[in-house]
Amino acid sequence: MLKRLLALLAVSGSAAVVAGGAAAAPLPMLHTAGTQWLDPAGRPVILRGTNLGNWLINEFWMMDLGGDQDDQCTLEATLERRFGHAERERLMRLFRDNWITARDWDLMRRHGLNVVRLPFIHSVIEDERRPRQLRADAWRYLDDAIRQAEARGMYVILDLHGAVGSQGWEHHSGCAGKNRFWSVPEYQARTEWLWQQIAARYKDNGTVAGYSVLNEPWGTTPQNMAAVVGKLYRAIRAVDPNHVIILPGHSQGIDAYGKPADKGMRNVAFEMHPYPGHFGWGAPGLAVHREWLTCGPDGKGGVCEWDARLRRLDTAFYLGEIQPWALLGQELGGQVARASFDTYAKYGWAATAWSWKVVTRTGGHGTGKWGFVTNAPGAGVPALDFQTATLAEIERLFRSFGTQPYELHQPLLHWLTIDKARGIQDIHDSK
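Sequential numbering from 1 applies to the sequence shown in UniProt numbering.
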C-alpha cells in the first residue's frame with residue numbers, strides 16, 4: 001500500500017489544459033511545432049482523453065461477446081448471411097446509435113476530458129461494394145462525433161483503425177488473420193483516396209485535432225511502414241495543409257522514420273501505445289507504472305528515454321492508447337491514472353486512454369475494468385450467439401447498450417477531476 005501522500009506530478013503551469021464548456025463554433029485549430037502541441041497563438045496545450053472503442057469498429061471483448069477471432073468482418077458477414085444486406089446495415093446502425101449516446105458525451109466532460117480518439121473501419125466511409133465511392137451515409141458518425149465533441153469544448157482525433165485489407169493480423173484491424181493491406185497495392189491506393197476524402201471534408205474544422213492515419217500498422221517491417229505512411233502524409237497534405245498528421249509507431253518503435261523535418265514533414269506527431277502491466281510488459285501493479293513514469297532505476301529509462309528521443313527528433317508525441325488503471329484496484333487505479341496523465345502533460349504529450357466504455361456479463365468495475373464506465377451490477381450483457389440468436393434478440397441487445405445503467409469508476413472520476421493544486425498520491429513512495 002502507499003506509504004504517504006505528497007503533492008507531486010501536477011500539470012506544469014506552462015501548458016494549459018484546453019478548456020471545456022459549450023462551443024458555438026469549431027474549436028481553435030491546433031498544430032505542432034517541435035515537441036509541443038500548440039494553439040493558434042503558439043501557447044502549449046495539454047490534450048487528455050479517451051478512445052471510443054467498439055463503436056465504429058467492433059472489438060467483441062469490450063462487450064463480453066465472442067473471442068479474439070470474432071471481429072467486425074465476422075459480425076457483418078454473419079448478419080448478412082442470416083438476414084440480408086439491408087437488414088445487416090440496419091442492425092449495424094442500431095448498434096452504433098446506441099453504443100455511444102449523449103449521456104456518454106456528457107460523462108466524458110464530467111471526467112474532465114478534452115479530446116476523444118475516434119477509431120473507425122474504412123467501410124464506415126467507403127462503400128465496400130463500390131471501391132473509391134462514398135457510402136450514402138459516409139459522414140453520419142464522424143460528423144456527429146465532431147458535433148457532440150465541439151458542443152462540449154472537446155477535440156476529436158480521427159483514427160483509421162481498420163484499413164481496407166487490414167494492416168495487421170489482429171482482430172482490432174477489422175478482419176482477423178488477413179493482413180493484406182501491405183501486399184495489395186490497390187488497398188494502399190484506396191487508403192490514400194480515403195484520407196483525401198476525410199481531409200477534404202474537415203480541412204477547415206478546428207475541432208479535429210489531427211489525423212491518426214493507421215492504427216498499429218505492425219503487419220510489415222518498420223521500414224515499409226514508414227514508407228507507406230510517408231505516402232499517406234503526402235496524399236493528405238495535397239488536400240489539407242492545416243491539420244496535425246499523426247505518424248504511427250511500429251511495435252519496434254519509431255526509428256524507421258528518422259527526423260520528420262528532414263523528410264519534408266511538418267506539423268506532425270509520433271504515436272505510440274505504452275501499456276505498462278499488460279501484453280507482456282510486467283504485471284498490473286504499482287511497480288511497473290512507477291518504473292515507467294519515474295524513468296527506471298537509472299533515471300534514464302521509461303518516459304525520460306522517450307522524452308530524450310523526441311527532443312532529438314524535434315517532434316511532438318501522442319500516446320494514442322494508454323491503460324493506467326485496469327486491474328489495480330479502484331483507488332490505486334485512480335491515483336495511477338492521474339499520475340500517468342499528469343506525467344505525460346509535464347512532457348507536453350497528448351494522451352487518450354483505452355477505452356471509454358467496456359461492458360460485461362456481470363457488470364461492475366471490480367478491481368478496475370478497461371473502461372471509464374461499465375454496466376452496473378445486475379445489468380449484465382446477456383449471453384448471445386450471433387450465429388443462432390433471433391433477430392428480435394439481436395435488436396434487443398443492441399438497443400440495451402444505449403439504456404443499460406452505468407457504474408462509474410468513482411476513484412478514477414475523483415482523481416481525474418480533483419483540484420490540480422492539491423496534487424495526487426505519490427507513486428514513488430510505496431512498500
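Calculated directly from the structure, the hints in this document are not laboratory data. Be aware that a few hints might be false.
As the list claims (entries may be wrong) - The calculated label-pair distances, taken between Cβ atoms and stated as ranges, are:
1) Ala-392 / Arg-234: 44 to 52 Å
2) Glu-80 / Gly-301: 26 to 34 Å
3) Gln-69 / Gly-285: 24 to 32 Å
Cβ atoms here follow ideal geometry from the backbone N, Cα and C, with glycine treated the same way.
Now the hints, each set against the structure:
no., hint, in the structure
1, Ala-392 / Arg-234: 44 to 52 Å, "49 Å, holds"
2, Glu-80 / Gly-301: 26 to 34 Å, "49 Å, violated"
3, Gln-69 / Gly-285: 24 to 32 Å, "30 Å, holds"
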